[in-house]
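**Q** So the chains spell out like this:
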Amino acid sequence: MNKGLLCLVLHAHLPYVCHPEAGDFLEERWLFEAMTECYLPLLQVFDRLQEDRIPFRLSLSLSPTLMTMLADEFLQGKYVAHVQGLIGLAEKEVVRTKADPAMHKLARFYRRFLAETLQVYQERYQGDLLSAFKKHQQAGNLELLTTAATHGFLPLLSISETAVRNQVRIGLQTFESYFGRPPQGFWLPECGYYPGLESVLQEAGIGYFFVDTHGILHASQRPRHGIYEPLDCGNGVMAFGRDRESSRQVWSAQEGYPGDFDYREYYRDIGFDLDLAYLAPYLPEGKIRVNTGIKYYRVTGGDQQKAIYEPQKAREKARLHAMDFLQKRQRQIEKLSRAMAIPPVVVAPYDAELFGHWWFEGPVWLEAVLRQAAGDPGGLQLGACSDYLKVFPDHPVATPSASSWGDQGYSSFWINDTNDWIYPLLHKAESELEAAACQWRDKQLHAWLERALNQAARSLLLAQGSDWPFIMQSGTTVDYAYKRITDHLARFNYLMDAIKNHRIDERYLLALETMDAIFPGLDFRDYCP
Amino acid sequence: MDHDSRKIPSPLAMKAISDDIAQKYAPKHASSITEIVILPVDPYHLHAYWALDGEKMSLLDDGKAGELILRVHWLPEAEREAASSKLWFDIPVAPFPKRKQVTVPVDATWYVAEIGLRDAHHQFTPFACSNIIHVPQARMAVTSVQETAKERIIRHRVGPARPSTEAIYDESLIDAQIKRTLAEKNLHKIRALLPVPPSITKQSKIYDEMKIDAAIQAVLRQRGINVSLEASTKSVTDRKEKSPSGLGMNSSRP
Numbered sequence: 001m002n003k004g005l006l007c008l009v010l011h012a013h014l015p016y017v018c019h020p021e022a023g024d025f026l027e028e029r030w031l032f033e034a035m036t037e038c039y040l041p042l043l044q045v046f047d048r049l050q051e052d053r054i055p056f057r058l059s060l061s062l063s064p065t066l067m068t069m070l071a072d073e074f075l076q077g078k079y080v081a082h083v084q085g086l087i088g089l090a091e092k093e094v095v096r097t098k099a100d101p102a103m104h105k106l107a108r109f110y111r112r113f114l115a116e117t118l119q120v121y122q123e124r125y126q127g128d129l130l131s132a133f134k135k136h137q138q139a140g141n142l143e144l145l146t147t148a149a150t151h152g153f154l155p156l157l158s159i160s161e162t163a164v165r166n167q168v169r170i171g172l173q174t175f176e177s178y179f180g181r182p183p184q185g186f187w188l189p190e191c192g193y194y195p196g197l198e199s200v201l202q203e204a205g206i207g208y209f210f211v212d213t214h215g216i217l218h219a220s221q222r223p224r225h226g227i228y229e230p231l232d233c234g235n236g237v238m239a240f241g242r243d244r245e246s247s248r249q250v251w252s253a254q255e256g257y258p259g260d261f262d263y264r265e266y267y268r269d270i271g272f273d274l275d276l277a278y279l280a281p282y283l284p285e286g287k288i289r290v291n292t293g294i295k296y297y298r299v300t301g302g303d304q305q306k307a308i309y310e311p312q313k314a315r316e317k318a319r320l321h322a323m324d325f326l327q328k329r330q331r332q333i334e335k336l337s338r339a340m341a342i343p344p345v346v347v348a349p350y351d352a353e354l355f356g357h358w359w360f361e362g363p364v365w366l367e368a369v370l371r372q373a374a375g376d377p378g379g380l381q382l383g384a385c386s387d388y389l390k391v392f393p394d395h396p397v398a399t400p401s402a403s404s405w406g407d408q409g410y411s412s413f414w415i416n417d418t419n420d421w422i423y424p425l426l427h428k429a430e431s432e433l434e435a436a437a438c439q440w441r442d443k444q445l446h447a448w449l450e451r452a453l454n455q456a457a458r459s460l461l462l463a464q465g466s467d468w469p470f471i472m473q474s475g476t477t478v479d480y481a482y483k484r485i486t487d488h489l490a491r492f493n494y495l496m497d498a499i500k501n502h503r504i505d506e507r508y509l510l511a512l513e514t515m516d517a518i519f520p521g522l523d524f525r526d527y528c529p
Numbered sequence: 001m002d003h004d005s006r007k008i009p010s011p012l013a014m015k016a017i018s019d020d021i022a023q024k025y026a027p028k029h030a031s032s033i034t035e036i037v038i039l040p041v042d043p044y045h046l047h048a049y050w051a052l053d054g055e056k057m058s059l060l061d062d063g064k065a066g067e068l069i070l071r072v073h074w075l076p077e078a079e080r081e082a083a084s085s086k087l088w089f090d091i092p093v094a095p096f097p098k099r100k101q102v103t104v105p106v107d108a109t110w111y112v113a114e115i116g117l118r119d120a121h122h123q124f125t126p127f128a129c130s131n132i133i134h135v136p137q138a139r140m141a142v143t144s145v146q147e148t149a150k151e152r153i154i155r156h157r158v159g160p161a162r163p164s165t166e167a168i169y170d171e172s173l174i175d176a177q178i179k180r181t182l183a184e185k186n187l188h189k190i191r192a193l194l195p196v197p198p199s200i201t202k203q204s205k206i207y208d209e210m211k212i213d214a215a216i217q218a219v220l221r222q223r224g225i226n227v228s229l230e231a232s233t234k235s236v237t238d239r240k241e242k243s244p245s246g247l248g249m250n251s252s253r254p
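Quick mapping for you: the protein sequence lines, in order, are chains Y and W.
Mapping to the working numbering: the first sequence position 26 is 26, numbers consecutive.
Mapping to the working numbering: the second sequence position 52 is 52, numbers consecutive.
Next up, chain Y with everything else stripped away, as it sits in the complex (with noise of 0.2 Å):
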């Protein structure tokens, strides 16, 4: 480590939604569509660079209901399917563009991008992306990490400390399932922590997390080197703080490169540009209108009528980008490091859906950096958290402050009054569940009422995910986010009412088993505080 560690850090997340029950289902398209436009290119990208050689480092953080999605043979059945259905649009899209050579040409690129995408997916990883990223956390390339089971906003749930603990260890459980070994490092939804929270990740045996900028500022002891070293929580468990500056670069809308006049606009999708009956026949139910991925502008900029979308000048604008990006770090890095003791360790976490989702050439900037950053060993030096401890591991003292990456920095993203009404329910279910725990711990116990306990747990941790109310605040899909949380709540009751009762529907049980068939090894007993 020369001047410092530049650390990037994606978190890959969403929400549980598998609907066996269902054929087309809406919402199963968040996955079809992040599948495509994000985790399969960040794994080419990652692919591209190892066979080129060239060294690279970063962390991405999976979590516990993507990685149970992914590897969901059922939903990776109806991926192909979606892919196959956007490829026919495509094709009917290079028909329809023909009078037109700057849409056709687009049209061809994406009836490329789609018919590679199907092909990478079934014959390069056979369908199974979690061991393509094994692969390179295997090489040393990718440092893989974790988050709470269904990404329950720890804050709000902390009201029972059972209750988060066991959104981290089946958390953790899931990831080692997959992976055969714990994470070193943990990401908090939301980098939602509160004081205290350390306790439950070293007891999980957790090395170090992550939390937004005021949570270090603001800690117990104002830290020497601000966020540019990690805080020791004081018993070992370490927490690097976010880096406002390199977030910005990414994320803001005004200031940041997925901002720039020649980036795809990802608002103009001809989902609804076109007509209907045209759509038709790739739209849910025939006439929802969604995303389909082809989007033929660019974003523009002012109030200009939006211009065609030219994808070579865009991934040159990314790698002059990824080239800002680098040496912004670079003088920032030189200059922390002229001033500390240690050298400076710059985190720059972002939402990994960010990178080819919302932005679509951010998987192009991502290699440019990570090339760029390689080409240049004297330069900047990039790398995970875990390698900065191991070279590191004594750092000041001190309790970070409750703090969020959320609006406003706190709790209130997630409660205010479009979704305070869950945390009572959530709240009441989590103390039903820890008393028949208590109650049925040391029983010996038919099959079904084992069976029952655990998936009443499996229903209230599917509850606790923070993207319920998350969506209730935002005002999209609010009936959906309202319907899940009453489902999964109504299914516990159900649970919870047979199991008193001592009677249960065998039927019954199996549906919610395979409708909510996540966490297979997740153990009612847990829930005992």
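Calculated from the structure, these hints are not laboratory results.
C-beta atoms are modelled at their ideal positions from N, C-alpha and C, and glycine is treated no differently.
One should not assume that every hint holds.
Below are the DMTMM-like pairs computed for lysine to aspartate or glutamate, each with C-alpha atoms no more than 20 Å apart in a straight line [said to hold, decoys possible]: (1) W/LYS15 to Y/ASP479; (2) Y/LYS105 to Y/GLU91; (3) W/LYS24 to Y/ASP497; (4) Y/LYS428 to W/ASP53; (5) W/LYS15 to Y/GLU513; (6) W/LYS7 to Y/GLU513.
Which chain W residues face chain Y? A few, computed with CB under 10 Å, are given here [stated by the list, open to error]: (7) ILE8; (8) LEU12; (9) SER18; (10) ALA26; (11) SER31; (12) ASN131.
If you anchor each label on the Cβ, the simulated ranges turn out as follows [as the list claims (entries may be wrong)]: (13) Y/GLN444 to W/PRO92: 48 to 56 Å; (14) W/ASP20 to Y/GLN444: 28 to 36 Å; (15) Y/SER199 to W/SER31: 26 to 34 Å; (16) Y/GLN444 to W/HIS122: 39 to 47 Å; (17) Y/GLN221 to W/ASP119: 42 to 50 Å; (18) W/PRO126 to Y/GLY521: 38 to 46 Å; (19) W/ALA65 to Y/GLY259: 58 to 66 Å; (20) W/ASP62 to Y/CYS528: 40 to 48 Å; (21) W/ILE33 to Y/GLN126: 47 to 55 Å; (22) W/ILE33 to Y/VAL391: 51 to 59 Å; (23) W/ASP20 to Y/LEU274: 35 to 43 Å; (24) Y/VAL478 to W/PRO92: 47 to 55 Å; (25) W/LYS24 to Y/PRO284: 39 to 47 Å.
Could you slot chain W onto chain Y? The hints should help.
**A** Quick look at chain W alone, frame taken from chain Y:
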């Protein structure tokens, strides 16, 4: 969860089961116990929700027994019990919807709340006492505490909030304002905000962020002002500028 696939209900049957359970076992807020729970929202807000059993609810029926009060206690010195608190404020609340967001006066401290009845003689009878919570420290701010004829002196604020009559500046906003001002060559504006070092009072043709930072930090150090130059948290955490986890795909919906 390995099951005989032949026994798994068909998709239609699963849908019917799901609907049946959703209808018959929908979650309800009804509670047979009396309790109050509080949750920290941010440095100046907490969220309270409560439940009252039938007996307590009946006391509220005609309003003669008194009014329902949420009493919030400030526990400043690690006092961890409502009984030992000498500082509290009361908020009259309606029996429904049994939840309320409360603004608290001081950040970085502990609170506990009680739900109870206050009678005509202002006697408070608590029904239940909440858990104790800690609200985090507010973002550091710079407070203008003194103004001379020629210039303002800026002092770093640490600790409890100041009276609301004082102007409070967020350090990151000041930083942003300084940089913006310098970049836009409107140096006169900065004088109202901060004493400007002579070295940067001349217009700079090239906007050099590092030089500006260094110059500003030098003058702050010289004046013993403990302010760090950082960008606004909000600018990078505002939901409009990011796709927070899980939401990434949601905007793809019509």
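**Q** If a hint holds in the structure, say so; if it does not, say that too.
**A** Hints, verified against the model:
1. W/LYS15 to Y/ASP479: 17 Å, holds
2. Y/LYS105 to Y/GLU91: 12 Å, holds
3. W/LYS24 to Y/ASP497: At roughly 11 Å apart (the allowed maximum being 20 Å), Y/ASP497 and W/LYS24 satisfy the hint.
4. Y/LYS428 to W/ASP53: 15 Å, holds
5. W/LYS15 to Y/GLU513: 13 Å, holds
6. W/LYS7 to Y/GLU513: Satisfied, since the Cα-Cα distance of roughly 12 Å is no more than 20 Å.
7. ILE8: Where the cut-off is 10 Å and the nearest Cβ of chain Y is about 5 Å from W/ILE8, the hint holds.
8. LEU12: At about 8 Å, which falls below the 10 Å cut-off, the nearest Cβ of chain Y leaves the hint on W/LEU12 intact, so it holds.
9. SER18: 6 Å, holds
10. ALA26: 5 Å, holds
11. SER31: Holds, because the Cβ-Cβ distance from W/SER31 to chain Y comes to roughly 7 Å (cut-off 10 Å).
12. ASN131: Interface hint status for W/ASN131: holds (7 Å vs cutoff 10 Å).
13. Y/GLN444 to W/PRO92: 48 to 56 Å: Taking Cβ atoms as reference, Y/GLN444 and W/PRO92 lie about 53 Å apart, which means the hint holds.
14. W/ASP20 to Y/GLN444: 28 to 36 Å: Given about 31 Å between the Cβ atoms, the range holds.
15. Y/SER199 to W/SER31: 26 to 34 Å: Since Y/SER199 and W/SER31 have Cβ atoms about 30 Å apart, the given range 26 to 34 Å holds.
16. Y/GLN444 to W/HIS122: 39 to 47 Å: 58 Å, violated
17. Y/GLN221 to W/ASP119: 42 to 50 Å: Holds: the Cβ-Cβ distance is about 47 Å, inside 42 to 50 Å.
18. W/PRO126 to Y/GLY521: 38 to 46 Å: Cβ of W/PRO126 to Cβ of Y/GLY521: about 44 Å, so the range 38 to 46 Å holds.
19. W/ALA65 to Y/GLY259: 58 to 66 Å: The hint (58 to 66 Å, Cβ to Cβ) holds, given that W/ALA65 and Y/GLY259 are roughly 59 Å apart.
20. W/ASP62 to Y/CYS528: 40 to 48 Å: 44 Å, holds
21. W/ILE33 to Y/GLN126: 47 to 55 Å: Given about 54 Å between the Cβ atoms, the range holds.
22. W/ILE33 to Y/VAL391: 51 to 59 Å: 54 Å, holds
23. W/ASP20 to Y/LEU274: 35 to 43 Å: Hint holds: Cβ distance 40 Å, inside 35 to 43 Å.
24. Y/VAL478 to W/PRO92: 47 to 55 Å: 31 Å, violated
25. W/LYS24 to Y/PRO284: 39 to 47 Å: Because 28 Å falls outside the window, the suggested range is violated.
The earlier numbered hints that this structure contradicts are 16, 24 and 25.
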